[in-house]
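J.: Order-wise, the sequence lines are chains U and Z.
For the first sequence, our numbering begins at 1 and goes up steadily by one.
For the second sequence, our numbering begins at 1 and goes up steadily by one.
Because the hints were derived from the structure by calculation, they are not lab data.
One or more hints might be untrue.
[What the hints assert, rightly or not] Simulated restraints on C-beta separations:
hint	chain 1	residue 1	chain 2	residue 2	range
1	U	240	Z	112	32 to 42 Å
2	Z	71	U	252	41 to 51 Å
3	Z	22	U	313	26 to 36 Å
4	Z	114	U	37	41 to 51 Å
5	U	246	Z	74	27 to 37 Å
[Stated by the list, open to error] Derived lysine to aspartate or glutamate pairs resembling DMTMM-like cross-links, with alpha carbons at most 25 Å apart:
hint	chain 1	residue 1	chain 2	residue 2
6	Z	54	U	224
7	U	137	U	230
8	Z	34	Z	157
9	Z	54	U	230
10	U	235	Z	49
11	U	137	Z	196
12	Z	34	Z	47
13	Z	34	U	175
14	Z	54	Z	157
[Claimed, not checked] Non-contacting residues of chain U with respect to chain Z, defined by C-beta distances greater than 12 Å in every case (computed):
hint	residue
15	38
16	117
17	197
18	205
19	243
Idealized CB from N, CA, C, for every residue including glycine.
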Amino acid sequence: MNPAFSVIFFTTASGAGYGLLALLGLLAPAGLLPDSVAFGLVGIALALALVTTGLLASTVHLGHPERAWRAFSQWRTSWLSREGVAAVLTYIPALLFAFAWSTGGATGGTTAAFGVASAVMAVATVYCTGMIYASLKPIRQWHSPLVTRNYLLFAAFSGAVCLTALAALFGWPGEAPGGLAILLALSGLFAKLRYWRFIDGAAPGSTIESATGLGGLGKVRMLESPNTQDNYLLKEMGFRIGRKHAARLRRIALVAGFVVPALLLLLALPIGGGAGALLAVAAAVLALLGLIAERWLFFAEATHTVTLYYGRAA
Amino acid sequence: MTSLPQPAKGATKLGLVIDLDTCVGCHACAVNCKEWNASGHSAPMTDQDPYGSKPDGVWFNRVHSYEAGTGTQSRTVNFPRSCLHCETPACVTVCPTGASYKRAEDGIVLVNADACIGCKLCSWACPYGAREYDSDAGVMKKCTLCIDRIYNQTLPEHERTPACVSTCPASARHFGDLGDPDSAVSRLVAERGGFDLMPEMGYAPTNKYLPPRPRTELSPPPLPRPAETGAEGVAGRLLAWVDRALSR
Numbered sequence: 001m002n003p004a005f006s007v008i009f010f011t012t013a014s015g016a017g018y019g020l021l022a023l024l025g026l027l028a029p030a031g032l033l034p035d036s037v038a039f040g041l042v043g044i045a046l047a048l049a050l051v052t053t054g055l056l057a058s059t060v061h062l063g064h065p066e067r068a069w070r071a072f073s074q075w076r077t078s079w080l081s082r083e084g085v086a087a088v089l090t091y092i093p094a095l096l097f098a099f100a101w102s103t104g105g106a107t108g109g110t111t112a113a114f115g116v117a118s119a120v121m122a123v124a125t126v127y128c129t130g131m132i133y134a135s136l137k138p139i140r141q142w143h144s145p146l147v148t149r150n151y152l153l154f155a156a157f158s159g160a161v162c163l164t165a166l167a168a169l170f171g172w173p174g175e176a177p178g179g180l181a182i183l184l185a186l187s188g189l190f191a192k193l194r195y196w197r198f199i200d201g202a203a204p205g206s207t208i209e210s211a212t213g214l215g216g217l218g219k220v221r222m223l224e225s226p227n228t229q230d231n232y233l234l235k236e237m238g239f240r241i242g243r244k245h246a247a248r249l250r251r252i253a254l255v256a257g258f259v260v261p262a263l264l265l266l267l268a269l270p271i272g273g274g275a276g277a278l279l280a281v282a283a284a285v286l287a288l289l290g291l292i293a294e295r296w297l298f299f300a301e302a303t304h305t306v307t308l309y310y311g312r313a314a
Numbered sequence: 001m002t003s004l005p006q007p008a009k010g011a012t013k014l015g016l017v018i019d020l021d022t023c024v025g026c027h028a029c030a031v032n033c034k035e036w037n038a039s040g041h042s043a044p045m046t047d048q049d050p051y052g053s054k055p056d057g058v059w060f061n062r063v064h065s066y067e068a069g070t071g072t073q074s075r076t077v078n079f080p081r082s083c084l085h086c087e088t089p090a091c092v093t094v095c096p097t098g099a100s101y102k103r104a105e106d107g108i109v110l111v112n113a114d115a116c117i118g119c120k121l122c123s124w125a126c127p128y129g130a131r132e133y134d135s136d137a138g139v140m141k142k143c144t145l146c147i148d149r150i151y152n153q154t155l156p157e158h159e160r161t162p163a164c165v166s167t168c169p170a171s172a173r174h175f176g177d178l179g180d181p182d183s184a185v186s187r188l189v190a191e192r193g194g195f196d197l198m199p200e201m202g203y204a205p206t207n208k209y210l211p212p213r214p215r216t217e218l219s220p221p222p223l224p225r226p227a228e229t230g231a232e233g234v235a236g237r238l239l240a241w242v243d244r245a246l247s248r
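Generate the whole structure from the sequences, applying the supplied hints.
T.: Below you can see the structure in the form of structure tokens.
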């Protein structure tokens with residue numbers, strides 16, 4: 001599948017934003033975050049900024065961005081529509097959460113209620129994002145429960161590293177978000193390895209024989225393509241990545257996205273202070289860059305059954 | 001609405017039956033489709049760089065050629081590919097705006113270009129590559145089953161068929177109601193063992209493909225040798241001598 005940068009940027013940025021929002025909503029009422037109005041407001045603002053830039057970026061790849069409002073109408077059947085609805089609805093508890101925090105403190109009852117509501121909506125939105133991909137049968141690398149699980153896990157992980165960096169910048173030791181980020185980095189690492197084992201190992205469900213229905217005559221191969229140059233189908237769905245590049249990008253995604261951020265946080269937590277904050281910020285930046293590589297691969301390594309008609313593997 | 005109409009028993013299901021035995025791969029269906037639809041329901045069908053080195057454009061119908069089987073048993077099969085107007089088309093249900101819809105009255109899958117935001121998700125959801133994005137108009141386009149021909153009262157009745165069907169010189173394309181078991185197309189499917197493409201996807205295509213007929217032997221059995229004709233006497237000996245002489 002063609003890795004459109006606007007979609008990659010959108011899912012990475014909004015994933016981190018929703019992860020950050022959910023963790024703020026759950027950890028603040030539990031008293032695991034600084035009970036400071038400034039921290040709460042900056043945290044929620046950062047989360048919503050990441051979400052909003054992501055959502056705006058996602059409209060860049062539309063043919064008619066001015067009609068984007070129509071996408072809120074078909075939530076009965078469409079995961080993309082559900083994602084849009086959930087994304088917009090999340091702003092309501094998130095803004096009320098910010099208001100409650102600034103008036104009633106981080107651990108107040110109303111803060112807790114809106115914090116948990118924000119977390120629930122954030123999880124729902126990311127789940128919808130994952131389901132957009134996981135519901136597509138023609139793309140076997142996406143049609144799996146692993147996809148939704150990973151979207152949720154990576155959103156939580158990137159939110160946790162952002163939260164740790166933010167807490168460190170506010171001079172807070174940040175053991176709770178930091179420890180959580182390290183745990184999530186490890187789970188993310190293993191989840192991604194498991195996903196790659198799945199896409200490398202699974203036998204394709206459809207073949208050129210089932211696509212053409214000519215399997216009864218024997219092996220089928222394409223003699224002539226309908227077109228001499230790549231058409232929309234091949235440009236959009238027939239993206240190909242060299243195996244060597246894929247292997248290298250997988251290593252980059254794992255090392256930059258999960259391993260190095262976890263190591264930096266392991267260093268940052270005991271050091272604390274300015275140096276610790278610097279390491280935590282570096283961990284967050286690296287994690288986001290690593291996740292962009294991961295997301296790029298998620299698209300680039302996905303194959304579509306239409307390419308079977310063009311004599312390619314899917 | 002992107003909710004699918006409830007499939008009623010005996011409901012009209014307009015579609016195509018494509019005969020892979022008689023298709024000669026001339027691309028006339030694809031060309032006539034482009035010709036009609038360039039000014040039809042989903043017009044225009046734009047092209048980019050049509051006379052340059054990398055021509056590209058929207059087509060609702062594309063003709064592939066395959067080799068099926070190996071060695072002396074292999075054969076060439078020409079294979080037109082277009083929208084199958086599936087009974088459970090995910091291209092419709094994934095649409096976030098309701099621009100994609102399946103008509104309850106005849107099962108035709110269409111796009112309302114005025115409501116399409118051009119997110120391309122429907123083209124990802126189609127296993128068959130039936131939908132093509134028009135980057136000029138910023139909307140998705142697809143086969144309309146020539147909805148502006150088949151119901152067109154201004155055309156003579158015999159012309160009220162999809163452009164691809166009306167132009168096919170080999171009569172390899174048939175149009176009709178596949179929801180009616182007694183229609184000509186349904187009988188053709190039953191007689192010839194018509195099949196679905198990628199049935200494992202579960203989209204339940206309306207269009208059917210007819211398999212190539214079993215091949216007849218290419219080389220006729222060898223002629224009996226005169227020596228083996230059983231002719232006797234002088235004539236038989238003479239023929240046997242001629243045979244030997246010529247076989248030398």
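J.: Each of the hints needs a verdict: does it hold here or not?
T.: Quick rundown of the hints versus the structure:
1. U/240 x Z/112: 32 to 42 Å: Hint holds: Cβ distance 33 Å, inside 32 to 42 Å.
2. Z/71 x U/252: 41 to 51 Å: Between residue 71 of chain Z and residue 252 of chain U, where Cβ atoms are some 46 Å apart, the hint holds.
3. Z/22 x U/313: 26 to 36 Å: 30 Å, holds
4. Z/114 x U/37: 41 to 51 Å: This hint holds: roughly 48 Å between Cβ atoms.
5. U/246 x Z/74: 27 to 37 Å: 34 Å, holds
6. Z/54 x U/224: 18 Å, holds
7. U/137 x U/230: Within the cut-off at roughly 23 Å; holds.
8. Z/34 x Z/157: OK: residue 34 of chain Z and residue 157 of chain Z at ~22 Å, within 25 Å.
9. Z/54 x U/230: 8 Å, holds
10. U/235 x Z/49: Roughly 15 Å separates the two Cα atoms, so the pair holds.
11. U/137 x Z/196: Holds: residue 137 of chain U and residue 196 of chain Z sit about 17 Å apart, inside 25 Å.
12. Z/34 x Z/47: 11 Å, holds
13. Z/34 x U/175: Judged against 25 Å, a Cα distance of about 64 Å means the pair is violated.
14. Z/54 x Z/157: Violated - the C-alpha atoms of residue 157 of chain Z and residue 54 of chain Z are around 40 Å apart, more than 25 Å.
15. 38: 38 Å, holds
16. 117: 24 Å, holds
17. 197: 23 Å, holds
18. 205: Violated, because the least Cβ-Cβ distance between residue 205 of chain U and chain Z comes to about 6 Å, which does not exceed 12 Å.
19. 243: 23 Å, holds
Of the numbered hints stated above, those contradicted by the structure are hints 13, 14, 18, listed in ascending order.
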